Amino acid sequence: AVRRFTVDSSDGQHRFRIRGRVQFDAARGDFDDDIAFVARQAHEPPEYGTIIRRARLGALGYMYGNWEWQLEVDFSDQEVDFANAYVAYLMPTGRLAIGHFKEPYSLESNTSSRRITFLERGASVDAMRPSRQLGIMYSTLRQNWHGAFGFFGGEGVSINRAVEEGYAFSGRLTVSPWADGGNFLHFGGSASHRQNAFDKEQDIWAPVRMRTREGARAIDLRLIGRDDIEAVEDFNRFVLEAAWGIGSFSLQAEYNRVDFNLDETAKLIAHGTDSNPSNSLTMDGFSIQASHFLTGEHRNYRPSNGTFGRVTPQRNFDPASGNWGAFEIAARYATVDASEHSRIGRGQEMDHYTLGLNWYPNPDLVVKLNLMQFDAKRDDVESEGRVVAARLQYEF
Amino acid sequence: AVRRFTVDSSDGQHRFRIRGRVQFDAARGDFDDDIAFVARQAHEPPEYGTIIRRARLGALGYMYGNWEWQLEVDFSDQEVDFANAYVAYLMPTGRLAIGHFKEPYSLESNTSSRRITFLERGASVDAMRPSRQLGIMYSTLRQNWHGAFGFFGGEGVSINRAVEEGYAFSGRLTVSPWADGGNFLHFGGSASHRQNAFDKEQDIWAPVRMRTREGARAIDLRLIGRDDIEAVEDFNRFVLEAAWGIGSFSLQAEYNRVDFNLDETAKLIAHGTDSNPSNSLTMDGFSIQASHFLTGEHRNYRPSNGTFGRVTPQRNFDPASGNWGAFEIAARYATVDASEHSRIGRGQEMDHYTLGLNWYPNPDLVVKLNLMQFDAKRDDVESEGRVVAARLQYEF
Amino acid sequence: AVRRFTVDSSDGQHRFRIRGRVQFDAARGDFDDDIAFVARQAHEPPEYGTIIRRARLGALGYMYGNWEWQLEVDFSDQEVDFANAYVAYLMPTGRLAIGHFKEPYSLESNTSSRRITFLERGASVDAMRPSRQLGIMYSTLRQNWHGAFGFFGGEGVSINRAVEEGYAFSGRLTVSPWADGGNFLHFGGSASHRQNAFDKEQDIWAPVRMRTREGARAIDLRLIGRDDIEAVEDFNRFVLEAAWGIGSFSLQAEYNRVDFNLDETAKLIAHGTDSNPSNSLTMDGFSIQASHFLTGEHRNYRPSNGTFGRVTPQRNFDPASGNWGAFEIAARYATVDASEHSRIGRGQEMDHYTLGLNWYPNPDLVVKLNLMQFDAKRDDVESEGRVVAARLQYEF
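Taken in sequence, the protein lines are chains A, B and C. The first sequence maps to residues 1 to 396 in the working numbering. The second sequence maps to residues 1001 to 1396 in the working numbering. The third sequence maps to residues 2001 to 2396 in the working numbering.
Bear in mind the hints are in silico, worked out from the structure with no lab data behind them. Owing to the predicted nature of the structure, the values given are computational and were not obtained by experimental measurement. What you were told as hints is all true, and nothing was included just to trick you.
Here are the simulated DSSO-like pairs of lysine-lysine, each with C-alpha atoms no more than 30 Å apart in a straight line:
1) A:Lys200 - C:Lys2377
2) B:Lys1200 - A:Lys377
3) B:Lys1377 - C:Lys2200
Construct the complete structure from the given sequences, taking the supplied hints into account.
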């Protein structure tokens, strides 16, 4: 693409590209009385907030014909975080990658943050999805289906003298019986087993975080996973996912579940008499959403890796020519039941509703507006909130 | 420019550029006896120091004809800081930008750190100028005058669960009756109203920092604004600015002022019996400087945005051909009266004198040498100091 | 090179290049009983670990014919660290650089981490080599010998209000009587005098760190230099180095030594009755290694700067054509005697053995496997360990 910054060698063996994305978010919230109790914080939340949600700069390319590589760093929160950083060997029908990348998990999680419909991923996915990890993964390069299977470490990016890292086996399989532009059908599932990390210095299992917020990050309200789960020996993640598109209209849904296996002794040490009597906890939820392009575009489903790609407006924004870009309306319902927690009284639940309006002035620019409503609950106390959030996103 | 790294698309609709700057500073100081008292620190300052003052890497470009974008990250102090990060829509006579950029404020502040005459900005500007913020700003694209007006958040780049961000309305207007190479005249002014942020966790107004040092950062002597001002509800900034150039000679001056409005209750909680009895504080000062190019160049005044741009030597450094680049001599006087502080005894004042010699071997490289003398005062105790500081700066 | 990302101006006066490197490491260890005592840590070390050892992104180039510049940032450990960041003026037979770069010290230290034979540098070099510093350095550009001499500050990259930075004079001289592809002979030496930094706030000399680990960073076992040396006024570093290559076979060796000069009063304040009675401490050790390319390549010795460069496989990995890249086997013995410490009982010693197998699928990709064995000792307690470590490295 001429508009992007890409250099190809004349023999077609090498490509080099600089890439980046920036997302500015703002949110305004209106919360009911017991919100601080439900989110377990000592003070009322701010009423509005802004944030640079993501700011990534990176390079990527191909070398010597069969090798692909990336190095992408995220600077949001004024910290350094690695996004994709890997090298992969390309074969005719598959790809073997080593480095730092997303575990194969869920349609919404494996879809880039630049390509999701709302500001944040559906609450159930957002809470339960794994972060990027160092690992090795084989994935298929096929037309109508996608499989990926990998072995991953446990947040072992930085030096840590005391922690015996965990590890995970994770896989995902998706099929698309048909996929032709806006008309597509997608089914898939993921499963992952993770052995938890163990901190030898503190002599405890690493706390496990499964957190999501009110649908925006510009206000930091921890409605699910406010407190990490303690004493987790290992846990299993499961996803069932489906999507269907016909022209400008599409549906997307997934069910997410995590089963935790607690270490009884560690649990009693951590929580004492507040311990949950059960050593098997389950957290689950689902997200379902519909989207419709008012201007005739469609979601860009990619069957070869079971994710959504970039939306390309039929006409770029150019008011002089009467062109306004693409507009999409969307609605979502998501629910998470994290009422089971290693410590009694720390579980949380949420129902979450979103209405969205997206404006795509051109393929590299998106403006999103989300109206959200949630019912959240902790310890039989319920609270509600309403949030308006907006995002301006550009990429290069 | 062929020497820089820029890629243009063949249709002229897109441009991509990688940009960076690095500034290495060294300083040596000689301070009088009471300096630790005046700077309110427990130990004598170091006699010399070095620092990487700025180290920025970024990308910027145009896309689809009418959109401009930047993403620039600063790594100095081995931390991540955002410099410019925005997207702007370009119209025939104006520009609407959203993202993270400088508030419109002052000739010296809005001029890039690569283009100022001395190592640091004049003490009054440096102390009172706002930092970059997330915001939305309209600015003109006109020949002989410049106007900019924006609405800005309050340091809301990162997640913060407890702080209700403040906000500001800021504007700047400049006119240049004539501007033709080194011959120019510039008048301008800025005004800004900022509502302060409020920390709901600590139940206090965010401390307000208006700080400047001895004219260099390689030695960190906090002669103005050592202690943040507490209990500030809101404050107003004002600037009056002027510049005049004739050939290789130029003058530049500005007056800076901030009026703080304190919350009496919060002030008494913060400082008790040490509280300043007044709830209206004023901080002000001015900086005036003269510059002369020994080698015939002139300051690069840009009337369309009311700032100074790059100095281009008539001949680049090339000793074999007898060319030595451009040389500039400069002098500055600055004064800041920050004697009014929310807490008695924390106010500071300074008179600051600088002699400068700049060497421009080529357009991308600058070497600066500053000889400085200051008289600083706190609580009727005065101290003086003399500082020699040098900078090597390159950009790409 | 067409495969890299480089842009040259048509007049040959300017060059711009984006550069990066990523190293993923994994290690598994098996340690004897007293290892926690010897490494002076409260818990048993993890048995395995992973890490992003280096992840660097940077730009570099030439400008106006005679100037060279770099800006390279390292993001490993999710922190910001400067690697090379300097500007240099090029003359016919020399080069004057100002900025942040390696002190001239040792063949193994001055060789890039991308070009060393094993995962980590030999234990004696790794423990005693200086980090990059801000400084000014002249180095020769000659055919058969290399000299470099510089003046360096003391970790003065960031602002520090209280520390009087130290400084160092450092030089290195190497000669290569012959150097023709894989056939080379190299002799050299370095010397450096460093005045230690002084913390005026805590009123102590800056602690001096001379640390190395078990030969990998993915497990952080501090077998040498676990405790910084206190009360150091100044110290001198010395290196003697040699290398010899004949075809695919090569040898490399160096002796490293540091002599510390302690401040007696400061030592007694820091350690009291545990103080080492002597004020002159010596730490020394040596590393010797042999390497052989099974596939006919050779180490890329560069006599003009006395370091090793990139290994270029005779045939890139391409199984379809029966090509597998380059393979190298190597062995190393290293020993460090850091038994003298400012505080009694804190000295450590180590003998370290490594077997290595390197695979170079192409010039930009290296896979390393190291089998290591060490005998470490503290306070007459000895412990042993065996470590398997692997690295995947790519660069662009």
